[in-house]
Amino acid sequence: MATVYTASRLAVLVANRAPSSCCSSSGRSTRAPLPRESIDIHLKKDTRRGVVNNQQTDWSFKLDGVLHNASQDLVYETVAKDAVSQALDGYNGTIMCYGQTGAGKTYTMTGATENYKHRGILPRALQQVFRMIEERPTHAITVRVS
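Residues 1 to 146 (the numbering used here) are what the sequence shown spells out, left to right.
A couple of the hints might just be wrong.
Okay, derived cross-link-like pairs now, DSS-like style, lysine-lysine, Cα gap no bigger than 27 Å in a straight line [stated by the list, open to error]: (1) 62 with 45; (2) 62 with 81; (3) 44 with 81; (4) 44 with 62; (5) 105 with 81; (6) 105 with 62; (7) 117 with 105.
It should be emphasised that the hints constitute simulated quantities derived from the structure, not laboratory data.
Use the sequences and the hints to build the structure in full.
Pasting the structure below:
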């Protein structure tokens, strides 16, 4: 079941597709937060950096949720569905992906073209927009994409 995030505030979520065994074997550990709690990340010091090692090893981030190995459908339901619906009601909405190269931002937004089930946020949002337009036959709605 997806958690619903309202348009009244900014929601910060992390999508993690890395297998958890990868993280624990490399000395990295994470703890999935409850909504509006923090996620704590601890890295072991890299001994190759020498005796004087000022490498930061602990971080803490406030998050609304973690989508660990979530399907494209769950990502859309959790992150975008309400924002798209509220946009047709006249509210502004923004969905932004941020991360390092190769982290999966493009896949999250556009999806895989070879499998309909793996389509991303943008194709799902367009589908939702046109479905909602069909449900409002008395409204004059213009769609522009740039």
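Okay, the hints, checked on the actual structure:
1. 62 with 45: The hint holds at about 23 Å.
2. 62 with 81: holds (23 Å)
3. 44 with 81: violated (39 Å)
4. 44 with 62: This hinted pair holds, its Cα atoms lying about 22 Å apart.
5. 105 with 81: Answer holds: residue 105 to residue 81 is near 18 Å, not above 27 Å.
6. 105 with 62: Holds - the C-alpha atoms of residue 62 and residue 105 are around 20 Å apart, at most 27 Å.
7. 117 with 105: Given that 27 Å is the threshold and the Cα spacing comes to 17 Å, the pair holds.
Comparing the model with each numbered hint stated earlier shows that hint 3 is the single one that does not hold.
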